[in-house]
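Based on the hints, put chain U in the right spot on chain Z.
Quick note, the sequences are listed as chains Z and U, same order.
Under my numbering, the first residue of the first sequence is numbered 2, with each subsequent residue one higher.
Under my numbering, the first residue of the second sequence is numbered 3, with each subsequent residue one higher.
Hints may contain errors.
Now the in silico label distances, taken between C-beta atoms and shown as ranges [stated by the list, open to error]:
1. U/Gln12 <-> Z/Ser74: 34 to 40 angstroms
2. U/Ala7 <-> Z/Ser39: 17 to 23 angstroms
3. U/Gln12 <-> Z/Ser6: 27 to 33 angstroms
4. U/Asn57 <-> Z/Arg82: 45 to 51 angstroms
5. Z/Glu69 <-> U/Arg44: 23 to 29 angstroms
6. Z/Ser54 <-> U/Ser113: 39 to 45 angstroms
7. Z/Glu69 <-> U/Ala3: 23 to 29 angstroms
8. Z/Ser54 <-> U/Gln12: 35 to 41 angstroms
So, partial list: chain U residues that the calculated Cβ filter (under 7 angstroms) puts toward chain Z [stated by the list, open to error]:
9. Gly45
10. Leu46
11. Phe48
12. Arg96
13. Thr102
14. Phe106
15. Gly109
Just so you know, these hints were derived from the structure itself, not from any lab.
Every residue, glycine too, gets a C-beta built ideally from N, C-alpha and C.
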Amino acid sequence: GAGVSQSPSNKVTEKGKDVELRCDPISGHTALYWYRQSLGQGLEFLIYFQGNSAPDKSGLPSDRFSAERTGGSVSTLTIQRTQQEDSAVYLCASSLVAGDTQYFGPGTRLTVL
Amino acid sequence: AQSVAQPEDQVNVAEGNPLTVKCTYSVSGNPYLFWYVQYPNRGLQFLLKYITGDNLVKGSYGFEAEFNKSQTSFHLKKPSALVSDSALYFCAVRPAGGNTPLVFGKGTRLSVIA
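Excised from the complex, chain Z in its bound form (with noise of 0.2 angstroms):
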């Protein structure tokens, strides 16, 4: 069956500028995850979504940094006003249920000239 997707796959964007990922979770997976890689870095807790529940935003760095799940399926990040230190990869994963074996997507890479 199809896998976590994500678009784009590169975005280039100017500091200053506004920028929408997008995620396509796996069928029927009710948790999807946010995070961000930076070069040789580790994985970086952005914000995770468990069904209808609250959000847990708790690693978003700052608030220019926003997301939404509509309809319990795919998911928007949006980086408002984006910074240099803002260029990093974004991976979304997605599992049955929150801290169920989680599937990553293959990332979206920012570049913030």
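Chain U alone, transformed into the frame defined by chain Z:
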């Protein structure tokens, strides 16, 4: 709060030799433990997990990991390394019970040299 330590940033091993990538964890109660692998320019792929039962867990690509409760460790092993095993490896943990997200280690880069 749970945490994971991967004490080695880099592990080098010769092709054909056994490999070990270390992971220790801290969690309240019993742990659920996971290993993921990330090949260059790819997302993370699930390798194996320990939930309960046999302490030795076998996973994809010939990898295995041993849960050691007394040492709070979950080291990843393979009897004979391949050049194609060269990648970034992540250990993750969460407490058994409840539905909390996984907490990941910082990753260990494995280089297998021909």
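Hint says 27 to 33 angstroms; check whether the CB-CB distance for U/Gln12 and Z/Ser6 agrees.
-> holds, 31 angstroms
Range hint compliance [Cβ, U/Ala7 to Z/Ser39, 17 to 23 angstroms] = With Cβ atoms ~19 angstroms apart, the hint holds.
Can you let me know if the beta-carbon spacing of Z/Glu69 and U/Arg44 is within 23 to 29 angstroms?
-> Check passed, 26 angstroms falls within 23 to 29 angstroms.
Holds or violated: U/Phe48 as interface residue toward chain Z, Cβ cutoff 7 angstroms?
-> Constraint on U/Phe48 satisfied, holds at 6 angstroms.
Under the criterion of a CB-CB separation shorter than 7 angstroms, is U/Phe106 in contact with chain Z as hinted?
-> holds, 5 angstroms
Take a look at whether the Cβ-Cβ distance between U/Gln12 and Z/Ser74 falls inside 34 to 40 angstroms.
-> holds, 39 angstroms
Holds or violated: is the Cβ of U/Leu46 closer than 7 angstroms to a Cβ in chain Z?
-> Holds - the Cβ of U/Leu46 comes within 7 angstroms of chain Z, reaching about 4 angstroms at its closest.
Given U/Gly45 was flagged as interface, is its beta-carbon under 7 angstroms from a beta-carbon of chain Z?
-> Where the cut-off is 7 angstroms and the nearest Cβ of chain Z is about 4 angstroms from U/Gly45, the hint holds.
Closer than 7 angstroms between Cβ atoms is the bar; does U/Arg96 clear it against chain Z? Give me holds or violated.
-> Constraint on U/Arg96 satisfied, holds at 5 angstroms.
Can you let me know if the beta-carbon spacing of Z/Ser54 and U/Gln12 is within 35 to 41 angstroms?
-> For Z/Ser54 and U/Gln12 the Cβ distance comes to about 39 angstroms; the hint holds.
Using 7 angstroms as the Cβ threshold, decide whether U/Thr102 counts as touching chain Z.
-> holds, 5 angstroms
Determine whether the Cβ-Cβ distance between U/Asn57 and Z/Arg82 falls within the hinted range of 45 to 51 angstroms.
-> holds, 50 angstroms
The structure is consistent with each of the numbered hints, conforming to all of them.
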